[in-house]
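Participant: So the sequences go chain by chain: A and B. First residue of the first sequence: 258, per our numbering; consecutive thereafter. First residue of the second sequence: 258, per our numbering; consecutive thereafter.
I should point out that these hints are in silico values taken from the structure, not numbers from a laboratory. For each residue, glycine too, the CB sits at the ideal point set by N, CA and C. Be aware that one or more of the hints could be misleading.
Taking lysine to any residue pairs in the SDA-like style, the calculated list, with each CA pair at most 20 Å apart, reads [what the hints assert, rightly or not]:
#1 310/B to 258/B
#2 298/A to 310/B
#3 310/B to 330/B
#4 298/B to 310/A
According to the in silico footprint, chain A covers these stretches of chain B (three or more CB under 8 Å from chain A) [claimed, not checked]:
#5 260–267
#6 271–284
#7 320–333
There are 2 protein chains.
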Amino acid sequence: MPKVRVFVTLKPSLLDTAGRTVAGALHKLGYDELEEARIGKLIELEVKDYDEKRVKEMCDKLLANPVIEDYRLELVK
Amino acid sequence: MPKVRVFVTLKPSLLDTAGRTVAGALHKLGYDELEEARIGKLIELEVKDYDEKRVKEMCDKLLANPVIEDYRLELVK
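Please model the entire structure based on the sequences and the hints provided.
Facilitator: So this is what it looks like as structure tokens:
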């Protein structure tokens, strides 16, 4: 069965507060090489038949917020 | 600067309640081709120099919960 990975990320111009917090915590643990951390979602969908148009519709309607997020699809098999 | 993507997913044997809810909502919207949805995290790290061992340490200590989650690294550039 085809599997699609949807990567949802906050638009680059927006401040990612969760990522900022994670970066701060990693600095406290001594990982000074870290410059930035940004946190997004990975949604794995298993579909009976893959239709890119319909998967994009799912993203626009429910999986991502197009006002503040970008998304990218990757067909696994 | 090297960028690493960390994909954190719930172990396959565990019930993903958030994914189940998303799948239910998509079915109600008429996407009957959807069989399963699972939700994970995508963490993008920008590091001054990439050392796989240290990034794996960050995952084990903070970014993932190794008891219930798996993770995978992808070096972008």
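Participant: Checking each numbered hint in turn, tell me which of them this model violates, lowest number first.
Facilitator: The structure breaks hints 2, 4 and 7; every other hint is satisfied.
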